[in-house]
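Trainee: If you want the building blocks of each chain, they are given just below.
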Amino acid sequence: MKYEAVIGLEVHVQIKTHSKMFTRVAAGYGHKPNTLTDPVVLALPGVLPVMNKAALDAIIKAGLMLNSGIAPVSKWDRKNYFYPDSTKNYQISQYDQPICLGGFVEIELPGSARNVMGEHKKIPLTRIHLEEDVGKLTHFASESLVDYNRAGTPLMEIVSEPAMHTADEAFAYLTSLRAAMVYGGISDCDMEKGQLRCDANISIRPVGETKLGTKVELKNLNSISFVRDGIAHEIKRQIAAVESGGTIVQETRQYDGEAGVSTSMRSKEMAHDYRYFPDPDLMPVKVDDAWKARLQAECPELPFEKQRRFIEQYQVPYTITSVVVWDRELADFFEEAAKLSGKPQAAGNWIVNDLLRELGTAKQVLAESKVRPAHVAELVKLVDAGTLLNNSAKEVFIDMFSTGELPSVISDRKGLKAAPTDLGELEQWCRDAIAANAKALAEFKTGKDSAINAFKGPVMKAAKGKANPKAVDETLRKLLAQM
Amino acid sequence: MSSDLTFKSIAELAVLLEAKKLSSVELTQATIARTKAVEARVKAFNSFDETDALAQAAASDARRTAGQARGPLEGIPVGLKDVISVAGQPLTASSKMLVNFVSPYDATVTRKLKHAGAVLWGRLNLDEFAMGSSTENSAFHTTRNPWDLTRVPGGSSGGSAAALAAGEASMTLGSDTGGSIRQPAALCGVVGFKPSYGLISRYGLIAFASSLDQIGPFTRTVEDAAITLSVIAGHDPLDSTSFKTELPDYRAELGRRNGPWRLGIPKEYFGEGLDPEVAAAVQAAVEHYKKLGCEIKEVSLPHTKYCLDTYYIIATAEASSNLARYDGIRYGHRSKDAKDAIDIYFKSRAEGFGAEVKRRIILGTYVLSSGYYDAYYLRAQKVRTLIRQDFLNAYKEVDALLTPTTPTPAFKIGEKADPLAMYLCDVYTIGVNLAGLPGLSLPCGFSKSGLPIGLQVIGQPFKEAELLSIARAYEQAHDWHLRHPNLL
Numbered sequence: 001m002k003y004e005a006v007i008g009l010e011v012h013v014q015i016k017t018h019s020k021m022f023t024r025v026a027a028g029y030g031h032k033p034n035t036l037t038d039p040v041v042l043a044l045p046g047v048l049p050v051m052n053k054a055a056l057d058a059i060i061k062a063g064l065m066l067n068s069g070i071a072p073v074s075k076w077d078r079k080n081y082f083y084p085d086s087t088k089n090y091q092i093s094q095y096d097q098p099i100c101l102g103g104f105v106e107i108e109l110p111g112s113a114r115n116v117m118g119e120h121k122k123i124p125l126t127r128i129h130l131e132e133d134v135g136k137l138t139h140f141a142s143e144s145l146v147d148y149n150r151a152g153t154p155l156m157e158i159v160s161e162p163a164m165h166t167a168d169e170a171f172a173y174l175t176s177l178r179a180a181m182v183y184g185g186i187s188d189c190d191m192e193k194g195q196l197r198c199d200a201n202i203s204i205r206p207v208g209e210t211k212l213g214t215k216v217e218l219k220n221l222n223s224i225s226f227v228r229d230g231i232a233h234e235i236k237r238q239i240a241a242v243e244s245g246g247t248i249v250q251e252t253r254q255y256d257g258e259a260g261v262s263t264s265m266r267s268k269e270m271a272h273d274y275r276y277f278p279d280p281d282l283m284p285v286k287v288d289d290a291w292k293a294r295l296q297a298e299c300p301e302l303p304f305e306k307q308r309r310f311i312e313q314y315q316v317p318y319t320i321t322s323v324v325v326w327d328r329e330l331a332d333f334f335e336e337a338a339k340l341s342g343k344p345q346a347a348g349n350w351i352v353n354d355l356l357r358e359l360g361t362a363k364q365v366l367a368e369s370k371v372r373p374a375h376v377a378e379l380v381k382l383v384d385a386g387t388l389l390n391n392s393a394k395e396v397f398i399d400m401f402s403t404g405e406l407p408s409v410i411s412d413r414k415g416l417k418a419a420p421t422d423l424g425e426l427e428q429w430c431r432d433a434i435a436a437n438a439k440a441l442a443e444f445k446t447g448k449d450s451a452i453n454a455f456k457g458p459v460m461k462a463a464k465g466k467a468n469p470k471a472v473d474e475t476l477r478k479l480l481a482q483m
Numbered sequence: 484m485s486s487d488l489t490f491k492s493i494a495e496l497a498v499l500l501e502a503k504k505l506s507s508v509e510l511t512q513a514t515i516a517r518t519k520a521v522e523a524r525v526k527a528f529n530s531f532d533e534t535d536a537l538a539q540a541a542a543s544d545a546r547r548t549a550g551q552a553r554g555p556l557e558g559i560p561v562g563l564k565d566v567i568s569v570a571g572q573p574l575t576a577s578s579k580m581l582v583n584f585v586s587p588y589d590a591t592v593t594r595k596l597k598h599a600g601a602v603l604w605g606r607l608n609l610d611e612f613a614m615g616s617s618t619e620n621s622a623f624h625t626t627r628n629p630w631d632l633t634r635v636p637g638g639s640s641g642g643s644a645a646a647l648a649a650g651e652a653s654m655t656l657g658s659d660t661g662g663s664i665r666q667p668a669a670l671c672g673v674v675g676f677k678p679s680y681g682l683i684s685r686y687g688l689i690a691f692a693s694s695l696d697q698i699g700p701f702t703r704t705v706e707d708a709a710i711t712l713s714v715i716a717g718h719d720p721l722d723s724t725s726f727k728t729e730l731p732d733y734r735a736e737l738g739r740r741n742g743p744w745r746l747g748i749p750k751e752y753f754g755e756g757l758d759p760e761v762a763a764a765v766q767a768a769v770e771h772y773k774k775l776g777c778e779i780k781e782v783s784l785p786h787t788k789y790c791l792d793t794y795y796i797i798a799t800a801e802a803s804s805n806l807a808r809y810d811g812i813r814y815g816h817r818s819k820d821a822k823d824a825i826d827i828y829f830k831s832r833a834e835g836f837g838a839e840v841k842r843r844i845i846l847g848t849y850v851l852s853s854g855y856y857d858a859y860y861l862r863a864q865k866v867r868t869l870i871r872q873d874f875l876n877a878y879k880e881v882d883a884l885l886t887p888t889t890p891t892p893a894f895k896i897g898e899k900a901d902p903l904a905m906y907l908c909d910v911y912t913i914g915v916n917l918a919g920l921p922g923l924s925l926p927c928g929f930s931k932s933g934l935p936i937g938l939q940v941i942g943q944p945f946k947e948a949e950l951l952s953i954a955r956a957y958e959q960a961h962d963w964h965l966r967h968p969n970l971l
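Just so you know, the protein sequences line up as chains A and B, in that order.
Numbering follows the numbering used here, with no gaps: position 443 of the first sequence is 443.
Numbering follows the numbering used here, with no gaps: position 91 of the second sequence is 574.
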């Protein structure tokens, strides 16, 4: 029998705000333990929560970006459970009236080859709600320590419908969702810092069956590749279990990405009764049209929208757009260079090949780059005008990456300019020089490299001494190679 | 002299202080002396700090000398129920759970009292976590009724009521979730005022039931209640449930409103269980209003019979969640016998909470449980809406309601061992909390055995000025509030 997996993801995204969800103390990562606390975070007797407006802005914006409906009225609920990572022993969350309902995340599946666009799908969302993060426990042999710096950080939970069927789809979903959140400035989504966390609900069923099978919740998927590996592993585990005559039990499992195994954490019988009820300390959130409109105006164009526009507007190939659109800064960089240069594809090639390579080698991020779109645009123009030959241009690029000087300045400094002659003229002089010296041609062809120098004098003479020696050398070599 | 001083109203004391016929240090010394003389019998306080109080008083006198006095509460010794946070002072909720806890921050009302120049004097006893009607649930001791030391002062703010009645402070603050200010005020013969839900910030008040809790003053006169309200009321950005509204000068408003008013008598508040002496005293008060030209009208609040049940579902549900933070992990009592994290919870809470608190946590946990939520909590919220609607319907015809505050005068310590009998003490006060209304209890007579009786005036939402004026109209023609228990 053939089986189909059904996957739904619950993604927690920490919202990047200055202060915590329900109090003024700063939110942050990497601080000395228990320094980002105050009476509210520590749940001292008598304290009360107050909503963080910036966090509300962020979730509404996220909802608008992901095509969700924004509830005119949503409310806060208490999720009650005892655990030392929670100071109140309840978490303020949203149970039955979340801020965002519905929506979808557009994903792209791997194409048949690297340069071929894959299939696009819209993965529907159930809801997005806002809550507060909990503290962090560290366990030792005989004791546990808790750090409440993270406690109370605004946290968004994005719940998808059970609408994915492969680990690749889940991977594409997370990639796309993460890009959108980073694009919108909602979160940095650094999984190592816990800014994005993912749980997966996975079940299998025979192909053709429409009823859902028994689901297993997979936790601790703390990198995007662990999500893919963990889901693939769980699907295999479930199929193997069913095929060997077993059944799937509803449970929560923990995936160990390093070891590539999962273990059971708790069964359905041990599931919590969270005793949700409306938080009497907080008023409902009312979002009017003006508030929505203000945030709608802040919503950026998302990667796939940008890709479609780039392909249409700039006539650039998939290979370029599929690289640049995933990073908002890089996409903006490309677009500016494309506009300034008037040659989008050439600009794109410089960015995707040379700039990203140099950044990688130098271990820099784009914001640190001394090469700006104007540099790339000028370089494209110089090459296009024949002022710089390709090899010279490459040299200029490396130079400008380290100095930040404009290509024209560098090529002057290094004498790389083919000016004032145009390339066609230079090529003609070279052809004439080669044709006039059959002996040197024969010598060169037998491997005597220095024979090339015999052609240079006549070329320089024809150019009245203004030809770029490097350009002359390059052009001669190109022509000789063809003979 | 000293005992005379400690029974004066804030309004009277403010005149003496302003005229420099009295200093805050003298007044505070008198309060300390009075407290030391009677406290062994009344047991209203959990703790006090004479040195600190005298230092505050000296600072107040210095401000006055410098021409920087801050209004009528300047230099007045006030006591706080031990659920209201003061930075650097103990905050126990009369529970073993918080026996050694010192709060690092000020409640909003504390900040406002400090800003007004009041001398913060002592922490007042209560039923543990404000759960009870007698202070017998205090983990430390039972406060006595100053009028009869064998009787309870009422609760949960029994310490606040008894301290004021015994002259151990010139004003005290309490909190009222189901009658916890008005009931002890009635039993101790003082004015107790619970304003509309949302008028006074709850920030820094230990939560019992968040949607019902409200801070309010115990005072000797209605005028003092108005003076205090102007100091402690107002929107607070630290309390999302605090109401944004323009505040009148409540004291000035007292003189501007003379009625006559249309007053409603809710028939459901005069039925079975009402002590005849209480009924007679309240009836006499009603007659007085009639004489003042007020229109008296019988009204009906048909859902009154559901008040107690509704209250004990909503209040316990919220309490079960509010008290979850007392777990022995970060502060408060931690069991020495605990073996692991779960054990810390079980043992610390088993040892730290008293029987009534546990009973309510269990009840609240039950009504919120999966499968029971709709039948209990959700239904109770719907009934709560109906209860509020009853009051709003009545207010289409009348300006305020008159009722007894309690069914009986103060009962004997140990008399009500059955929790349900104890819950019935709040039968006339609970509806006001469920509806979020302002309610005030003022003395309206004494029983033959010399126990105070309280009249409850229930007002319309955020119309405190009107309510205070109605109460004042009665008080001005009577001298019940000028009688004091003889403790010496």
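Because the hints were derived from the structure by calculation, they are not lab data.
Mixed in with the good hints there might be a few duds.
[Unchecked claim] Label-pair ranges, simulated between beta-carbon atoms:
| # | chain 1 | residue 1 | chain 2 | residue 2 | range |
| --- | --- | --- | --- | --- | --- |
| 1 | A | A362 | B | K822 | 21 to 27 Å |
| 2 | A | P33 | B | L730 | 49 to 55 Å |
| 3 | A | Y81 | B | P902 | 51 to 57 Å |
| 4 | A | E258 | B | I825 | 26 to 32 Å |
| 5 | B | S853 | A | K211 | 22 to 28 Å |
| 6 | B | K773 | A | G69 | 56 to 62 Å |
| 7 | A | Y81 | B | L730 | 39 to 45 Å |
| 8 | A | Y81 | B | R740 | 38 to 44 Å |
| 9 | B | K727 | A | P33 | 48 to 54 Å |
| 10 | A | K53 | B | E898 | 50 to 56 Å |
| 11 | A | G185 | B | S853 | 53 to 59 Å |
| 12 | B | A538 | A | K53 | 36 to 42 Å |
| 13 | B | A833 | A | P33 | 43 to 49 Å |
Built from N, CA and C at the ideal position, the CB exists for glycine as well.
Trainee: Against each hint, give a clear statement of whether it holds in the structure.
Mentor: Here is what the structure says about each hint:
1. As the Cβ distance of A362 of chain A to K822 of chain B is approximately 55 Å, the hint placing it in 21 to 27 Å is violated.
2. The given range of 49 to 55 Å is broken by P33 of chain A and L730 of chain B, whose C-beta atoms sit roughly 43 Å from each other.
3. Checking the proposed 51 to 57 Å range against Y81 of chain A and P902 of chain B shows it is violated: the Cβ atoms sit about 28 Å from each other.
4. Separation of E258 of chain A from I825 of chain B is about 29 Å and conforms to the stated range, judged on CB atoms against 26 to 32 Å.
5. Taking the beta carbon of each, S853 of chain B and K211 of chain A are about 24 Å apart, inside 22 to 28 Å as hinted.
6. Checking the proposed 56 to 62 Å range against K773 of chain B and G69 of chain A shows it holds: the Cβ atoms sit about 58 Å from each other.
7. The hinted range of 39 to 45 Å is satisfied by Y81 of chain A and L730 of chain B, whose Cβ atoms lie roughly 40 Å apart.
8. Range check, Y81 of chain A to R740 of chain B: Cβ separation about 51 Å, and the 38 to 44 Å hint is violated.
9. Between K727 of chain B and P33 of chain A the beta carbons are some 38 Å apart, a value that contradicts the proposed interval 48 to 54 Å.
10. A C-beta distance of roughly 52 Å is found between K53 of chain A and E898 of chain B, which places it inside the suggested range of 50 to 56 Å.
11. In this structure the hint that G185 of chain A and S853 of chain B lie 53 to 59 Å apart at CB is violated, the actual value being about 39 Å.
12. A beta carbon spacing of about 41 Å between A538 of chain B and K53 of chain A agrees with the range 36 to 42 Å that was offered as a hint.
13. Between A833 of chain B and P33 of chain A the CB atoms are about 30 Å apart, so this pair departs from the stated range of 43 to 49 Å.
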